[in-house]
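A.B. asks: Listed here are the chains, written in short residue letters.
Protein chains: 4
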Amino acid sequence: MISFMNDYSEGAHPHILELMLKSNLEQNTGYGEDAHSDRAKLYIKKELQREDVDIHFIPGGTQTNLLVISSFLRPHQCVIAADTGHVNVHETGAIEATGHKVVTVPHKDGKLTPAGIVVVLESHSGEHMVQPKMVYLSDTTELGSIYTKAELTAIRELCNKMNLLLFLDGARLGSALTCSSNDLTLKDIAELVDVFYIGGTKNGALLGEALVICKEELKEDFRFMIKQRGAMMAKGFVIGLQFEALFENGLYYELGAHANSMAERLANVWRDQGFSFYAPVCSNQLFVILPNDMIDRMAKEFGFLVLDKVDEKHSVIRLVTSWATTQGNIDQLIEYVEGL
Amino acid sequence: MISFMNDYSEGAHPHILELMLKSNLEQNTGYGEDAHSDRAKLYIKKELQREDVDIHFIPGGTQTNLLVISSFLRPHQCVIAADTGHVNVHETGAIEATGHKVVTVPHKDGKLTPAGIVVVLESHSGEHMVQPKMVYLSDTTELGSIYTKAELTAIRELCNKMNLLLFLDGARLGSALTCSSNDLTLKDIAELVDVFYIGGTKNGALLGEALVICKEELKEDFRFMIKQRGAMMAKGFVIGLQFEALFENGLYYELGAHANSMAERLANVWRDQGFSFYAPVCSNQLFVILPNDMIDRMAKEFGFLVLDKVDEKHSVIRLVTSWATTQGNIDQLIEYVEGL
Amino acid sequence: MISFMNDYSEGAHPHILELMLKSNLEQNTGYGEDAHSDRAKLYIKKELQREDVDIHFIPGGTQTNLLVISSFLRPHQCVIAADTGHVNVHETGAIEATGHKVVTVPHKDGKLTPAGIVVVLESHSGEHMVQPKMVYLSDTTELGSIYTKAELTAIRELCNKMNLLLFLDGARLGSALTCSSNDLTLKDIAELVDVFYIGGTKNGALLGEALVICKEELKEDFRFMIKQRGAMMAKGFVIGLQFEALFENGLYYELGAHANSMAERLANVWRDQGFSFYAPVCSNQLFVILPNDMIDRMAKEFGFLVLDKVDEKHSVIRLVTSWATTQGNIDQLIEYVEGL
Amino acid sequence: MISFMNDYSEGAHPHILELMLKSNLEQNTGYGEDAHSDRAKLYIKKELQREDVDIHFIPGGTQTNLLVISSFLRPHQCVIAADTGHVNVHETGAIEATGHKVVTVPHKDGKLTPAGIVVVLESHSGEHMVQPKMVYLSDTTELGSIYTKAELTAIRELCNKMNLLLFLDGARLGSALTCSSNDLTLKDIAELVDVFYIGGTKNGALLGEALVICKEELKEDFRFMIKQRGAMMAKGFVIGLQFEALFENGLYYELGAHANSMAERLANVWRDQGFSFYAPVCSNQLFVILPNDMIDRMAKEFGFLVLDKVDEKHSVIRLVTSWATTQGNIDQLIEYVEGL
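If you read the protein sequences in the order shown, they are chains A, B, C and D. Following the working numbering, the numbering of the first sequence begins with 1 at its first residue and continues without gaps. Following the working numbering, the numbering of the second sequence begins with 1 at its first residue and continues without gaps. Following the working numbering, the numbering of the third sequence begins with 1 at its first residue and continues without gaps. Following the working numbering, the numbering of the fourth sequence begins with 1 at its first residue and continues without gaps.
None of these hints come from the bench; they were simulated from the model. Hints should not be assumed to be uniformly reliable.
[What the hints assert, rightly or not] 30 Å max Cα-Cα, derived DSSO-like pairs, lysine-lysine:
(1) D:Lys215 <-> A:Lys215
(2) D:Lys309 <-> B:Lys161
(3) B:Lys133 <-> D:Lys309
(4) D:Lys133 <-> A:Lys133
(5) D:Lys108 <-> B:Lys309
(6) A:Lys309 <-> C:Lys161
(7) C:Lys133 <-> A:Lys309
What you are looking at is a predicted structure, and each value in this text was computed from that prediction instead of being measured.
Please build the complete structure, drawing on both the sequences and the hints.
C.D. replies: Listed below in structure tokens is the structure:
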């Protein structure tokens, strides 16, 4: 059975494995202070066209989210997220477990807007309520949508005005940055947000996220936090070398672009067949509305997620493509759909 | 420069990499619910000669420690550890960050004793103090020593009598189980403790610890905890397949035994040269007392940790061997020492 | 200026102060283990017509809420509350600061319903989300409404079926139990919920809430939690004797009834003048919708809270009566309103 | 039976009760923003001879300790305390429950020394260990001893040099400041430490501690923390007015001095009888070494704490005097002792 369940079903892109094999018997310094991690940081800084950021490699996304939020907020402060936000829904209360409330705003195609953030700010006044201090958003969002440069800039300006920190979860940033409708670069993002991460796990790595701290005041002692939350790997070089491979020659973008193009081909087929989408088609996640009986039949041959009911007879399914999705897999699904 | 700094300088044992490469393009279920993880659990249960344990694969040791302690204690309960214990000294307050006090006992060669535990129990009475509820120990200890079956049994009996949970940190269990003086098996350990883990990171894996929950009452909902602490990897199969490789044909023991035998050769040389040890020679860590000037010279050619001053003119250094330590490396160090 | 701002503007009811004065130089055991606290517990148990509850006196409401929730939930579990719930909105993230998420349901007149709770249960499945385990409600609610016996019973039945704990915040239980429309007794409540508290601060005491733990499994070691959260007062008898005075001869009910009757008189006047209410009139809190200019004028002579805008020209104000509200104060406000 | 168990057995000093009665029916603003609290702050600032401090009234000592430590430390930072320190031993892990480790130093008569603090600093290096950031001490200490101005100054200088915050727990500051050997004033303390509190509970109040934040950078948003930890009392004026009474005309010092003089009389009797002390006689706590059989007999007529065994035949008892200890009570004990 071919799975479109997610973008983390397979191992690592072969280029990554090659580097891993080649360097396997080298003796590295532990805890991320090795030469591979250093080179990876160098390559990423080159993309950002600046030196004055701190980069840390963290094993996974939930861990990165909880690290960022718990390290940069004081105890009485909260983070603002879309109600669909990963930190709100899908992390088993990881943020609250570090002591912080997630205050939510109804999403727009999975996205936050300045107007939504303002509603939270206006309803939080005084010491009997948590103090909003950070905005959390993800690019791509949980619904596969992306932020435009104008949208992200508007949120940045609100953050400046209201003294809020801006954190971008880039678990699927590879796909976001290579969308046809994207107008943001890594450099833009580093200029617009205070802290963000470049997701590896969902874009060809075995594991790992590259956290980039842009704001000077947030940098101090961050490695203590990493250690305290159990996110400092003894063999940190295992993550470092993967980002080295991903950023040495643009592999990161190639993998995102591949996933997107696979998704686009799929989207066209659904569209041609007259099906509609629950969320705008954009990146490597498709949310297709299908009749339930068709979903049942399709589930016997392909793996995917049934997200939600739409009405009595229809539901939304999520199909995800990845760096590892082959033309052959896509062709099989297309053939199946066209044969319906 | 050849490093004896630690046992996590190199990547993974070639057998592990082979399996990783071979299965790289398989589509696996996420979050540790894949076939590799299942097989790895099966192999480990076979070693334990029992089915009724829950096994979870966790990326790292500090994370495993904080997960176990925070999941199994109620808010007012504390864990008892040797003052040298990893959870007390070297985890940046990871345990306290989950809300629990670590109460310490002076160690004996890095080990806890029933008598030491009793001192804690007797000095903690009533609701103005934390309530001791768990005993934490590691095998091998921070000083490379190991617990005998008699010692571990004595602690178990005290735990039974005083209604304490017993947790064994096995970050270096591969080395412990293959020490010449060891009389414990994995099966014994699973019978004697309530929860323990089998360390992969320090015994040939890229990352990963296999947590074994033996006590029925502790099993419920543990995957929620793993997710909440950010320890549930999307590509959980990356850890699962490493333990599959380690336990399919006894590789885990081979690697531990190799590290120990390398350490033993080294120890003999130091002994022959008349140097003494800060801690009993046993597993893959050697604690040698050397003149400071010799340490300075040696540091130019070999990597190792200078642990502590002994007197004005002497210090203790730590030398660690691993699955990856070669005869050649050992020979070079021996030659150097004999040439002094 | 006469204040209808809240029910905690004045000190304590004179009967309480009398007992305080009379016993001032007695030597009491510390930390709530004194004879006054014992007698107060006895009186309360008499009201509950049962012996098998644990009663603890806690200084304040937020503290009681955070103690209950953090003591009875495991780390991955959350509490369900109305979106207007005190624990959700007005405690500066006190619950999250202990590690637990508050999951909310849109309120109905400030109340939770079984249907609302079911929505939460159905949307929380599996280990990537928090696990709903406790229902929090307050009687009276934040909008001054009360639960009927039928309503509370329905929620209890759902809790039984779904294995949820039921916690009733009774900060204003004095007013709730003496509402004209109330059909619950303290005894009923103790039978229907797992844990609740009888509010003193807002019903004539200087400070203090009487927490009643009804469910056997929740009782163990609770005093450790009280101490750990800083809620164990050295002079615990100061709270104990206040509940002694409140429950020796039914003073608690008298004070609640007085506050309610004062509110009812006020409500009639507003009603007669043709004003409408934002929430059903019931207990000692009135939520009146008034023209903004009238609010501005009234604010020069009386203290009250302006809660929220209703439209461009109208807002809701909250008027609260208490055990200490005098006929004279009410008459002055009535006169003012009738004179408009 | 006459109790010398502690200094919180009785209610409040009559002057406090008078003010409470007199103002009982006033309508006060809630949450500590009332006129009584304002006046109390004014009086305290007068003692400190400065305006630029923030003062908050907190119900109890453990709560104040946990508030200060959790509000001013970042997640990876720890507090240094004497091993006998209240935060280390007698608060059921309250500090750890907020996420912070307490690192201890062997005490000298209950006190910390710069040398002891330096040992902690030297043994904590790098991100694998907690980062020492605050020094916690109490005056009087758990053993009734006090800090001299020279001692406190020396610790301050170390804190300046090492960038540490200095926090003084003054639960028994009334007794400390009025010891015959004391050379510190409230003004000195406010100059030497970053934050401290003036204990009310153990010096004549029903409850309450006056927290003084001296360091500008620590002041921001502290009321949010108070609310979050459940320490913001609806009737905050109940604490405010007690400090008003204590500081309007020097009552605070009178009560401390009275307790000390009662203790001194007692000490002389023990001394005359040839008994020795476990800790230097100084403030309102006496630690007398007595034969066990004498302790047993005495326990039938007087209340006190048996602290610890000294040898097979002797133990230390603790006798505490207070503002409420009468000449009569002392005479009875003296008579008893002299009659032995």
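A.B. asks: All hints are to be evaluated individually against the structure, with a verdict given for each.
C.D. replies: Hint-by-hint comparison with the structure:
Distance restraint check for lysine 215 (chain D) and lysine 215 (chain A): the Cα-Cα separation of roughly 25 Å lies within the 30 Å cut-off, and the hinted pair is therefore satisfied. Of the pairs offered as hints, the one joining lysine 309 (chain D) and lysine 161 (chain B) holds, with about 25 Å between alpha carbons and a cut-off of 30 Å not exceeded. Proposed proximity of lysine 133 (chain B) and lysine 309 (chain D) is supported: the alpha carbons are some 25 Å apart, at most 30 Å. Between lysine 133 (chain D) and lysine 133 (chain A) the alpha-carbon distance is near 24 Å, which keeps this suggested pair within the 30 Å criterion.
For the hint pairing lysine 108 (chain D) with lysine 309 (chain B), the CA-to-CA distance comes to about 25 Å; that is within 30 Å, so the pair holds. Note on lysine 309 (chain A) and lysine 161 (chain C): the hinted pairing holds, with a Cα-Cα distance of about 25 Å set against a maximum of 30 Å. Note on lysine 133 (chain C) and lysine 309 (chain A): the hinted pairing holds, with a Cα-Cα distance of about 25 Å set against a maximum of 30 Å.
Checked against the numbered hints above, the structure violates none of them.
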